Amino acid sequence: MKRLQLQRWSSSVLSAQARTGGRLQHRLYNGIRHQSTASPAAPTANDQLIEEEPLASPIHPPNSRQSKYQLPSPPVEAARESAKLAALHARLYLPSRLPLETLARSLVDASADPNPKFNNDSLATLGHDLLTHYTTEYLLCTYPRLPLTVIFAAMYAYVGPKTLEAMAREWGVEFAAAPGGEVDPGYLQFKRMLPGTEPKPVTGTARPHEDQKHWRKSITSSVVYDNEFGDPVKGPKDPSEQSRQDTPNLKGVSAEQASATFVRAVMGAIYLHAGRPAAKRFFEQHFLSRHLNISDLFNFSQPARDLSRLCARENFEQPVARIISETGRKSRHPVFVVGIYSGQDKLGEGAGASLLEARSRAAVAALKGWYLYSPLNVRVPSSMEEEGAAPWKPVHVDLGEVIV
Amino acid sequence: MPVQGIRSVTAARNGVGAFILQCKRLEFHYCDWAGSSRGMLSYLKHQLPAFAKANPQIEIRVSPRPHKHPVVKGHYVNGREKAICVRNLEPEQIVKKVHLLKEASGEKLKRTKKPVTSLNESVRGIWSPYHGGLKSV
Amino acid sequence: MRPSLRLLNLEVPGSRALYVCSICRQEARPRPIVARQFLRHASSNADSLSERVRRKLWGTDNPPGLKDPYGESLLEKRFGKPKPQEPEEPQVEETNELAEPSDGLEPGVSYEPATTWHGLERVGHLGRWKDAPPSEADTYGSFAPKHKLYKKGPLSLAAHQAAVEISLMQALNRPLTHVCKVVEHDKPIFKLIWKTKVLPTSPNWGESLKFHNENAKKVLFYVFEQIGGTQPEAAEQEQAVEDIEVEEFENFEIVEDPSPPAPNPRFFGYTEPRFKSATSLPLTDPAIKFAFLKRFSQLSGHYFPDNIVSQITNVKHAMQYIQGQLHPKPTKLAEQLENDKQLQTLSNVKVFSKRQTTLHRDDEKGRRKLIESELRARGLLE
Numbered sequence: 001m002k003r004l005q006l007q008r009w010s011s012s013v014l015s016a017q018a019r020t021g022g023r024l025q026h027r028l029y030n031g032i033r034h035q036s037t038a039s040p041a042a043p044t045a046n047d048q049l050i051e052e053e054p055l056a057s058p059i060h061p062p063n064s065r066q067s068k069y070q071l072p073s074p075p076v077e078a079a080r081e082s083a084k085l086a087a088l089h090a091r092l093y094l095p096s097r098l099p100l101e102t103l104a105r106s107l108v109d110a111s112a113d114p115n116p117k118f119n120n121d122s123l124a125t126l127g128h129d130l131l132t133h134y135t136t137e138y139l140l141c142t143y144p145r146l147p148l149t150v151i152f153a154a155m156y157a158y159v160g161p162k163t164l165e166a167m168a169r170e171w172g173v174e175f176a177a178a179p180g181g182e183v184d185p186g187y188l189q190f191k192r193m194l195p196g197t198e199p200k201p202v203t204g205t206a207r208p209h210e211d212q213k214h215w216r217k218s219i220t221s222s223v224v225y226d227n228e229f230g231d232p233v234k235g236p237k238d239p240s241e242q243s244r245q246d247t248p249n250l251k252g253v254s255a256e257q258a259s260a261t262f263v264r265a266v267m268g269a270i271y272l273h274a275g276r277p278a279a280k281r282f283f284e285q286h287f288l289s290r291h292l293n294i295s296d297l298f299n300f301s302q303p304a305r306d307l308s309r310l311c312a313r314e315n316f317e318q319p320v321a322r323i324i325s326e327t328g329r330k331s332r333h334p335v336f337v338v339g340i341y342s343g344q345d346k347l348g349e350g351a352g353a354s355l356l357e358a359r360s361r362a363a364v365a366a367l368k369g370w371y372l373y374s375p376l377n378v379r380v381p382s383s384m385e386e387e388g389a390a391p392w393k394p395v396h397v398d399l400g401e402v403i404v
Numbered sequence: 405m406p407v408q409g410i411r412s413v414t415a416a417r418n419g420v421g422a423f424i425l426q427c428k429r430l431e432f433h434y435c436d437w438a439g440s441s442r443g444m445l446s447y448l449k450h451q452l453p454a455f456a457k458a459n460p461q462i463e464i465r466v467s468p469r470p471h472k473h474p475v476v477k478g479h480y481v482n483g484r485e486k487a488i489c490v491r492n493l494e495p496e497q498i499v500k501k502v503h504l505l506k507e508a509s510g511e512k513l514k515r516t517k518k519p520v521t522s523l524n525e526s527v528r529g530i531w532s533p534y535h536g537g538l539k540s541v
Numbered sequence: 542m543r544p545s546l547r548l549l550n551l552e553v554p555g556s557r558a559l560y561v562c563s564i565c566r567q568e569a570r571p572r573p574i575v576a577r578q579f580l581r582h583a584s585s586n587a588d589s590l591s592e593r594v595r596r597k598l599w600g601t602d603n604p605p606g607l608k609d610p611y612g613e614s615l616l617e618k619r620f621g622k623p624k625p626q627e628p629e630e631p632q633v634e635e636t637n638e639l640a641e642p643s644d645g646l647e648p649g650v651s652y653e654p655a656t657t658w659h660g661l662e663r664v665g666h667l668g669r670w671k672d673a674p675p676s677e678a679d680t681y682g683s684f685a686p687k688h689k690l691y692k693k694g695p696l697s698l699a700a701h702q703a704a705v706e707i708s709l710m711q712a713l714n715r716p717l718t719h720v721c722k723v724v725e726h727d728k729p730i731f732k733l734i735w736k737t738k739v740l741p742t743s744p745n746w747g748e749s750l751k752f753h754n755e756n757a758k759k760v761l762f763y764v765f766e767q768i769g770g771t772q773p774e775a776a777e778q779e780q781a782v783e784d785i786e787v788e789e790f791e792n793f794e795i796v797e798d799p800s801p802p803a804p805n806p807r808f809f810g811y812t813e814p815r816f817k818s819a820t821s822l823p824l825t826d827p828a829i830k831f832a833f834l835k836r837f838s839q840l841s842g843h844y845f846p847d848n849i850v851s852q853i854t855n856v857k858h859a860m861q862y863i864q865g866q867l868h869p870k871p872t873k874l875a876e877q878l879e880n881d882k883q884l885q886t887l888s889n890v891k892v893f894s895k896r897q898t899t900l901h902r903d904d905e906k907g908r909r910k911l912i913e914s915e916l917r918a919r920g921l922l923e
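Chains as they are written, first to last, in our numbering: chain A, 1 to 404; chain B, 405 to 541; chain C, 542 to 923.
It should be emphasised that the hints constitute simulated quantities derived from the structure, not laboratory data. Everything numeric in this text was worked out from a predicted model, so none of it was measured. Ideal placement from N, C-alpha and C gives every residue a C-beta, glycine not left out. A portion of the hints provided could be inaccurate.
[What the hints assert, rightly or not] Now the in silico label distances, taken between C-beta atoms and shown as ranges:
(1) A:Y69 to C:F893: 44 to 50 Å
(2) A:P381 to B:Q497: 52 to 58 Å
(3) B:K514 to A:G400: 46 to 52 Å
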């Protein structure tokens with residue numbers, strides 16, 4: 001992979017008025033992947049990568065009190081004076097190369113300041129891609145046999161909006177009541193939803209026949225059409241349509257969505273200013289270090305059937321359930337301990353109040369034992385990006401879940 | 405569908421990866437005139453710069469509160485706050501109080517009965533009556 | 542019966558219940574005789590207590606001033622015999638005031654100013670003083686200059702000038718404080734003073750000067766010899782000095798400014814002393830210290846209180862005192878913290894000089910504009 005010229009690009013983030021429509025955004029929009037966040041600045045129609053936009057002229061009025069009220073978000077100079085922002089910077093152990101101005105910018109949501117030169121949308125897009133990339137490779141390499149639905153759930157648990165909101169809260173980020181120029185830049189600023197508004201279901205996805213609600217959606221199709229968490233997303237649009245759609249987002253967003261955007265933007269800002277190693281360290285320290293028990297994410301409907309299919313696929317002997325021990329069969333509280341055997345090998349064991357329950361518990365245990373296989377000393381593909389990395393040995397890739 | 409995923413949220417383990425200090429803001433209130441603020445004024449003049457430098461992750465706000473006793477107020481990540489009145493205290497005593505506020509988690513004080521609490525399962529496992537050494541009646 | 546006397550009667554020896562404390566008893570007693578001597582009517586008595594006290598105070602048998610400091614009683618004034626030694630002045634003055642207030646006395650009447658107010662009908666001006674045109678005595682010339690010196694350069698220049706002048710006077714063995722009679726020197730003299738260096742080597746001020754050249758020494762000695770002399774003689778010699786100076790001008794190649802005597806800028810535009818060695822001169826001799834501080838405060842306009850004068854031991858201390866007066870330490874903690882260098886570099890510290898209220902917090906959070914707009918919508922805020 002070609003090394004990216006981060007310093008050159010980060011200047012566009014640092015001075016918000018300069019070169020925001022430059023190469024970075026073109027690069028981001030070339031592989032158009034519109035996530036749940038609203039799309040920021042539209043790429044210009046001509047895709048000249050080298051051409052830089054002339055200096056835009058959103059010159060801020062002087063620093064008077066009246067004019068501050070008219071700004072949609074705090075001015076750039078206010079970032080240096082905010083004690084809250086400096087404390088947040090230190091609390092997250094952010095690298096010193098990440099300036100306070102960028103951190104302040106990552107706290108401004110697109111609903112607060114529709115100007116893409118001052119909001120965190122571009123940073124959040126980058127951060128979201130980085131987060132999902134690192135999480136996906138971690139999950140796939142650590143648990144190569146996980147079913148796709150569980151991967152979706154695990155992704156949601158690691159970098160889903162709910163988790164990101166909890167993280168923003170644990171970082172001590174407070175919300176501003178309403179965005180504005182007079183607000184301390186250390187507050188997360190977004191326009192709030194009116195009370196009682198319900199989130200509308202996403203329409204305009206790339207999935208064909210999306211209006212057919214009763215049609216079955218296969219897992220494979222959601223890999224293609226849906227996002228990382230298996231949720232529907234808006235499909236890509238023509239650039240000409242996007243420029244019209246660039247009107248300010250007047251609806252407002254939920255606190256969850258704004259917090260998630262902020263955390264993603266911080267990730268993107270670290271990547272831009274401090275480089276890939278710092279971003280990866282940040283990811284490991286703040287995201288991967290959180291606790292998730294993946295075996296709790298499974299929800300089997302017919303575990304015994306799945307297990308017999310699995311054994312058939314893997315050329316094991318057909319699984320047989322046998323009672324290991326039991327007590328009080330005629331009493332009010334009988335307990336059966338059932339093991340599932342394939343030939344001489346015990347695949348799983350479960351205890352239940354009835355024979356069927358014990359059998360299905362044993363089948364679940366057997367299936368989890370299969371799916372939760374994790375090789376030792378896992379390396380992820382992105383570790384090859386570091387200098388002097390050992391040569392790559394292919395990781396174990398499994399066939400995947402059983403098809404019933 | 406053979407297996408469904410259940411959506412959940414990862415639990416924070418503060419200090420396993422990064423450590424976030426739970427005290428996010430300290431507010432120092434003093435009175436310029438009153439004698440009960442004498443130690444506080446001296447603390448703010450001499451000890452506060454070193455404390456602020458050692459703890460950059462705490463936002464520190466110093467503001468007067470005329471005709472009131474001096475107060476140090478700590479705000480925490482969990483949204484709670486703790487206030488300590490430091491009237492007539494010497495600067496050395498205020499140093500201790502500020503240290504207490506900084507180290508606090510912000511939770512209500514409660515008695516801990518178990519020496520260890522953990523998110524992980526017990527390594528030894530739970531004893532089962534149905535395994536090993538079964539006696540047939 | 543008066544209650545106080547009743548109290549006295551109640552005091553029966555042996556009865557504890559009816560005990561009256563000594564203070565109450567003292568209060569209840571009839572007034573002592575001594576107190577009566579302070580009464581007004583006793584003042585006619587020559588041997589009264591007040592008269593004896595006055596004699597003792599003044600130390601003579603005929604103390605000056607009124608016999609009765611509280612004035613004579615009205616009755617005595619009206620019906621008493623007219624006093625033979627009634628002075629004439631008040632009447633004379635009154636007539637004068639009526640005739641011509643600005644002028645002095647009528648010819649023929651000898652005016653003798655009263656030393657005491659004894660016998661004067663009233664003290665002070667008789668007519669409406671503020672209506673009278675100002676006389677020469679009414680103009681007030683301040684000892685200190687109109688504008689104080691605030692910057693460090695002019696202050697040290699003033700100190701240098703004062704030090705050189707006092708040293709010159711000391712060398713000439715003339716009264717030191719006479720330098721204060723010349724508020725401002727002429728430009729050439731000042732320039733000579735500016736060029737003179739003060740060597741703080743010897744404790745004797747008279748030997749501490751190092752002149753620009755011999756000529757300058759002669760001129761300065763000549764000029765300062767005149768200071769404090771009799772007026773006409775001085776004027777005469779001033780002319781002589783002028784002549785010498787003109788020669789000096791040619792020697793120094795100074796271009797004379799032919800402009801009319803405009804109000805000179807302070808120190809003729811000089812802002813810094815040429816030599817700063819004057820600051821280490823000691824001020825141990827009380828006479829020199831007094832003379833120097835007097836001249837310095839005349840030049841700089843700053844006043845030295847007595848306790849500070851006793852503390853000052855050299856010229857530098859005096860300078861430091863004025864610097865401290867000009868830049869006093871802030872009394873409010875917020876000002877001190879704002880000047881704190883270390884705190885300024887810390888970005889996580891915010892120091893407020895005013896009490897932080899809910900309004901400030903709302904403004905910081907952006908809630909204030911919501912509240913205001915809602916109040917406006919309900920007509921509670923115009």
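> Which of the listed hints are broken here?
Replying inline: Number 1 only.
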